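Enquirer: Chain by chain, the residues run as shown.
Protein chains: 2
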Amino acid sequence: MTTSRRTFIAGAAVAASATAGAAVNSYPKLVHHVFFWLKNPGSKEDLAKLLAGLRTLAAIESVRGAHFGVPASTEKRDVVDNSYSASEILFFDDPAGQKTYQDHPIHKQFVADCSHLWQRVVVYDAIAA
Amino acid sequence: MTTSRRTFIAGAAVAASATAGAAVNSYPKLVHHVFFWLKNPGSKEDLAKLLAGLRTLAAIESVRGAHFGVPASTEKRDVVDNSYSASEILFFDDPAGQKTYQDHPIHKQFVADCSHLWQRVVVYDAIAA
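From first to last, the protein sequence lines stand for chains A and H. Remember, my numbering sits 304 above the position in the first sequence when you count from 1. Remember, my numbering sits 304 above the position in the second sequence when you count from 1.
Just chain A, with the same shape it has in the complex:
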C-alpha cells in the first residue's frame, strides 16, 4: 500500500484485481459535469471571463470539490469530443447538494453575468455506483 499514488475511488470498493495498491478513498458521490461552447470560440477574452465566472461557483457551501478546465491535448480519436470551450466539474454529497447549488444566488449571478458568452451547454450528473 502506497499513499504516494493518491488514488481515490468513488462507488463500490475497487475490484480484487486492482493489485497495484491503490489507496482507496472516496470522492463525494455526486458529480456535476457541465460543458460550455462559447459563441466566440476563438475569443481568449470570452474564455477568461467564463472561467473567472466558473471559479466563483466553488464558494457555494454545498460544493465539495471543483475542477475547471479546457480541452486537453490528449490523442485525437473518433470518440473524443474536444469541441467544447470550457469544462466545469463540481462534486456534491448528494442531489440535495446539487439543488442547493442550482438555486444559489452565486450560481444565478454567474448565469446572469456569463450566459451571453455561450451558445450551448450540456450537463451530465452522475451518482457513484
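Mixed in with the good hints there might be a few duds.
Intra- or inter-copy, both count: the list cannot distinguish identical chains.
Calculated pairs, DSSO-like style, for lysine-lysine (alpha carbon to alpha carbon, straight line, at most 27 Å) [what the hints assert, rightly or not]:
hint, residue 1, residue 2
1, Lys412, Lys380
2, Lys403, Lys380
3, Lys343, Lys380
4, Lys348, Lys412
5, Lys353, Lys412
6, Lys343, Lys412
Don't read these hints as lab results, they were simulated from the structure. Being a predicted model, the structure only gives us computed values, none of them experimental.
Assemble the complex: chain A is given as a structure, and chain H must be docked to it using the hints.
Expert: Then chain H, alone, in the frame of chain A:
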C-alpha cells in the same frame, strides 16, 4: 476557514469573491470523463458487468482518482443529458498519464471484455485552466 467542507479546487486559485472559506486544494490536472451507452440499456446484468470492468481501471498506476457512476436523480432540464448508462471519471497528473492508461494492458483487457456491451462511447478530456 473550515476543513469540514472538504472543498478541493483545481486550476487557478478561487476568485476573491469566494468568501465561504473553501479549503483550497487541487485535484490532479487532467480529467478523463467517458460516457457509455449500453446496447441493452435496460439490462442490470450488462450494467453490472460494465461497472465491474470499469473498476479494474483504477489499478492502473497513472490513475490518481476515480469516480464511476450512473445518471443521478437531479432535476430533469433541457440541458441535462441523462441518456447514458455509465460514467467513468479518471484523474491523471498530465496527458502522459492518460496515455499510459490508454495503452495499459488492464485498459486493453477492459475493452476486450466489455466493448460488446456498449453501442456508443463519448470521451471528454479536460485540463485544469
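Enquirer: None of the hints should be skipped; say for each whether it holds.
Expert: Here is how each hint holds up against the structure:
For a Cα distance limit of 27 Å, the shortest separation of Lys412 from Lys380 across copies, 18 Å, qualifies, whereas the shortest one inside one copy, 35 Å, does not. For a Cα distance limit of 27 Å, the shortest separation of Lys403 from Lys380 across copies, 12 Å, qualifies, whereas the shortest one inside one copy, 35 Å, does not. In the homo-oligomer, the alpha carbons of Lys343 and Lys380 lie at most 27 Å apart both inside one protomer (23 Å) and across protomers (25 Å), since each shortest distance falls under that limit. In this homomeric assembly, Lys348 and Lys412 come within 27 Å of each other (Cα to Cα) only inside a single copy, at 24 Å, whereas the closest approach across copies is 38 Å.
When the C-alpha separation of Lys353 and Lys412 is checked against a cutoff of 27 Å, the pair qualifies only within one copy, where the shortest distance is 16 Å, while the shortest distance between copies is 40 Å. Only within a single protomer do Lys343 and Lys412 lie at most 27 Å apart by alpha-carbon distance; the minimum there is 20 Å, versus 38 Å between protomers.
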